[in-house]
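A.B. asks: My request is simple: use the sequences and hints to build the entire structure.
Line by line, the protein sequences are chains C and W. Its first residue numbered 1, the first sequence is counted upward by one per residue in this note's numbering. Its first residue numbered 1, the second sequence is counted upward by one per residue in this note's numbering.
Calculated from the structure, these hints are not laboratory results. You may find that some hints are simply not true.
Which stretches of chain W does chain C cover? Using the computed rule of at least three CB atoms under 8 Å from a CB of chain C, they are [to be verified]:
hint: 1; region: 34-46
hint: 2; region: 82-88
hint: 3; region: 99-109
Quick list of simulated restraints, FRET-style, between CB atoms [as the list claims (entries may be wrong)]:
hint: 4; chain 1: W; residue 1: Pro-130; chain 2: C; residue 2: Tyr-280; range: 20 to 26 Å
hint: 5; chain 1: C; residue 1: Lys-224; chain 2: W; residue 2: Gly-142; range: 41 to 47 Å
hint: 6; chain 1: W; residue 1: Asp-121; chain 2: C; residue 2: Ala-185; range: 34 to 40 Å
hint: 7; chain 1: W; residue 1: His-74; chain 2: C; residue 2: Leu-191; range: 26 to 32 Å
hint: 8; chain 1: C; residue 1: Val-116; chain 2: W; residue 2: Ile-17; range: 42 to 48 Å
None of these values were measured; they are calculated from a predicted model. We treat Cβ as the ideally placed atom computed from N, Cα and C, and that holds for glycine.
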Amino acid sequence: MTKVQYGWLIRSIHSWSANLMIFFAFVHMFSVAFLKAYRKPRELTWITGMLLLFVVMGFGFSGYLLPWNTLAFFATKVGTEIAGQVPIIGKPMMVFLRGGDEVTGATLTRFFGFHVAVLPGIVGVLIAVHLFLVQRLGMSVPPKTEVEWVKDPSARRDIKFFPNFALREMMAWYVAMGALGALAAIFPWDLGTKADLFGSAPAGIKPEWYFLFMFQTLKLIPSKVWFMDGEVLGVLGCGLAGLLWVLLPFFESEQPSRPRKWINGLVIFALVYVIGMSVYGFLAK
Amino acid sequence: MSVDENSPSGSTRRSVIEYFVGGGLLVSLASFLYPVMRYLVPPPVVDLGGDEVIAAKVGALKPNSGEIFRFGNHPGLLILAADGTYHALSATCTHLGCTVQYRADMGEVWCACHNGTYGIDGRNISGPPPRPLDVFDVHVRGDEIYVSRKREA
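C.D. replies: Dropping the structure here:
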């Protein structure tokens, strides 16, 4: 069996929707951060959202290998090797992810399992909790609006989730589906060249765009910094930055009238850093 | 649930049963989890490569070029330098495990993943690689080029 009718379209829709999902998860995260929607009592909504983002990136990472092409093979090799740099638990974690010491066919079956069974299970639970919290706590409004509403309750404007919001949402879905179909049909995703386990990494090898900012950061760290391996330092640094980002709501002021300015600065810095490093990573040879 | 204060022996009997039930549950849980854990942790793979391998035939490489060969489960890199000498190195980058290649234009070993470079003697020259590449011995016997692991002196 070499040809499946409209197989190219299904695969292309899968690839495009996967990439767009990650893109919009990032957009959503930054919009929540800029509008300070993570404020009390929505800390847990933010945390489940961040966990969802990590799982979604896990989907991207595990799905990237499945076409078994050269880029995917080396990206997985590097990605799992990075996981192996984590002190103490790193090595066993790497062997567990790879299903052995090296990236082989065993890794492919394992990643397929993660991609179609383990991660969907986790994501299902997380989405349920996330949406439950959104429904339970209601939509957040920016701190400024909240202050105005407290001052003048008559200024408060709400719409019903059903049917008003749901109908609006359906319109957005409809447009998004059209855009997705058009992208998938006009720019079909390439399968790439089949992975050669004993071939050299080709020039210009790069991870998927959503890992580029981390990839470029790791690339810029020298091999030794003081007494530490640059790689270990990079992995620990990225992990620590990620953890602080997850805990962002707990650094925020509880008074909507006095939001913490430095957090705005931090969010702008994070956005500029992620975009800047991604572009740099894309352009760098 | 209330404990009958008038019969201390009752609470003892109850706690014995609780230990048995709890312990039984724990043991059965462990008996479920153990095979699952063993299943998920892959057994170590034996490297069938031995200590010596035929990497290429004499004349297969042009001067100032390199070729990947299979050394057991790992890739190796055989280089015929511009001066006509053979060099054999591990082709696994010491940074994050990508497979390196010989760049004729640079006269160096290069890793495409993070732009690391090594000399043809395996020395890490620039970029992120923290250590040199492993160096192998090269012997030409007849028309075949043999590569072997370095013997500890």
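A.B. asks: What are the numbers of the hints that this structure violates, sorted from low to high?
C.D. replies: As far as the earlier hints go, 2 and 6 are violated by this structure, in ascending order.
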